[in-house]
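*Asks:* Chains as they are written, first to last, in the numbering used here: chain F, 7 to 200; chain C, 50 to 170.
No lab work stands behind these hints, which were simulated from the structure alone. Hints may contain errors.
Stated by the list, open to error - Among the chain F residues that face chain C by a calculated CB cut under 10 angstroms, a handful are:
| # | residue |
| --- | --- |
| 1 | Ile57 |
| 2 | Val60 |
| 3 | Glu176 |
| 4 | Phe198 |
These numbers were taken from a predicted model, which means no experiment stands behind them. Ideal Cβ placement from N, Cα and C applies to all residues, glycine included.
Each chain, written out:
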Amino acid sequence: MSEEIIQSRRRFLTDGSKATLSTAAVVLLAGCGGAVAQARMDSDPAQDAAILNVALGLEHEAINAYQIGAESGLLQQPVLETAVLFQSHHKAHRDALVDAIRSLGGTPVEEKSISEYAKELQADTIGSQGDILMLAARLEKGAANAYLGVIPSFTDPTLAQVSGRLAADETMHWTVLASALGQQVPQQALSFGA
Amino acid sequence: MKQLFALALTAMVFHPTAAAMAADAARGEQLYGSRCAGCHSVEVNRIGPKHRGVFDREAGTVPDYDYSDALRDSKVVWDEASLDAWLTKPQDFIPGQKMFFSLRNAEERADIIAYLQQVSE
Numbered sequence: 007m008s009e010e011i012i013q014s015r016r017r018f019l020t021d022g023s024k025a026t027l028s029t030a031a032v033v034l035l036a037g038c039g040g041a042v043a044q045a046r047m048d049s050d051p052a053q054d055a056a057i058l059n060v061a062l063g064l065e066h067e068a069i070n071a072y073q074i075g076a077e078s079g080l081l082q083q084p085v086l087e088t089a090v091l092f093q094s095h096h097k098a099h100r101d102a103l104v105d106a107i108r109s110l111g112g113t114p115v116e117e118k119s120i121s122e123y124a125k126e127l128q129a130d131t132i133g134s135q136g137d138i139l140m141l142a143a144r145l146e147k148g149a150a151n152a153y154l155g156v157i158p159s160f161t162d163p164t165l166a167q168v169s170g171r172l173a174a175d176e177t178m179h180w181t182v183l184a185s186a187l188g189q190q191v192p193q194q195a196l197s198f199g200a
Numbered sequence: 050m051k052q053l054f055a056l057a058l059t060a061m062v063f064h065p066t067a068a069a070m071a072a073d074a075a076r077g078e079q080l081y082g083s084r085c086a087g088c089h090s091v092e093v094n095r096i097g098p099k100h101r102g103v104f105d106r107e108a109g110t111v112p113d114y115d116y117s118d119a120l121r122d123s124k125v126v127w128d129e130a131s132l133d134a135w136l137t138k139p140q141d142f143i144p145g146q147k148m149f150f151s152l153r154n155a156e157e158r159a160d161i162i163a164y165l166q167q168v169s170e
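Kindly generate the complete structure, drawing on both the sequences and the hints.
*Replies:* Here it is in structure tokens:
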């Protein structure tokens, strides 16, 4: 057994309460109430919470991007309705992440003001529905890749699976947006993640 | 069939190393758009800090970005070698950091690093 594993086992033994809470987070996020999820002996709740916190930052940004789009007056039906639906998905992701981070003993990152997000996303360059769709598609693709890219860093494999599920939602959003923009479907396999 | 699958997997996991190949900043820009731009922009702080000028800069020094203590105190200066180590596995390179996003493919790392160097000139 490697020194690292021995050490984290020790940490687990002295830090039982956090590990139990981690199980709670997992159950909650994975949406499978019951016996399925078990925090692993060598899980590191602080590290997992830190990863989820970066993800939460992404969700805050996405929610605000859709808000900026919805308030711009540039979105026509049915695009507006779809934007609001996707925003509601991101809100659900946010709520789940906040609960999970708290359960892991972390402090969820705060949302910034919408004007800060507008500045970050260079919203002043937006002049059409197409611009908004392009921004949203870019963010969704980036988020899908981010969720895939952090998977190997989770110490709790159930959270890694949750990250995969979130990536799937973002990929679904990206696919809809890209097709609304008339963008070509990726010609090569495995274009996401890596 | 099983063997074929194993072969394909091997090909996916073990890409050729970048050592012998010249890094391609244009390809790096594209990769940056798909791999890094979920969290980063060149010009503005977002989930991660902005990247304009990152090359040759000390880590954790962009104003108004809320770094982890570990990165801020790391004393690392970003160059080809340190960026490659960081992107390979940030947590191994600077334990306690908060990026947790890694790039397995050496060639892609080299291209992205070439792009970061370009936006720092």
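*Asks:* Give a verdict on every hint.
*Replies:* Each hint, compared with the structure:
1. Ile57: holds, 5 angstroms
2. Val60: holds, 6 angstroms
3. Glu176: For Glu176 (chain F), the interface hint holds, since the closest Cβ of chain C sits about 9 angstroms away, which is under 10 angstroms.
4. Phe198: holds, 8 angstroms
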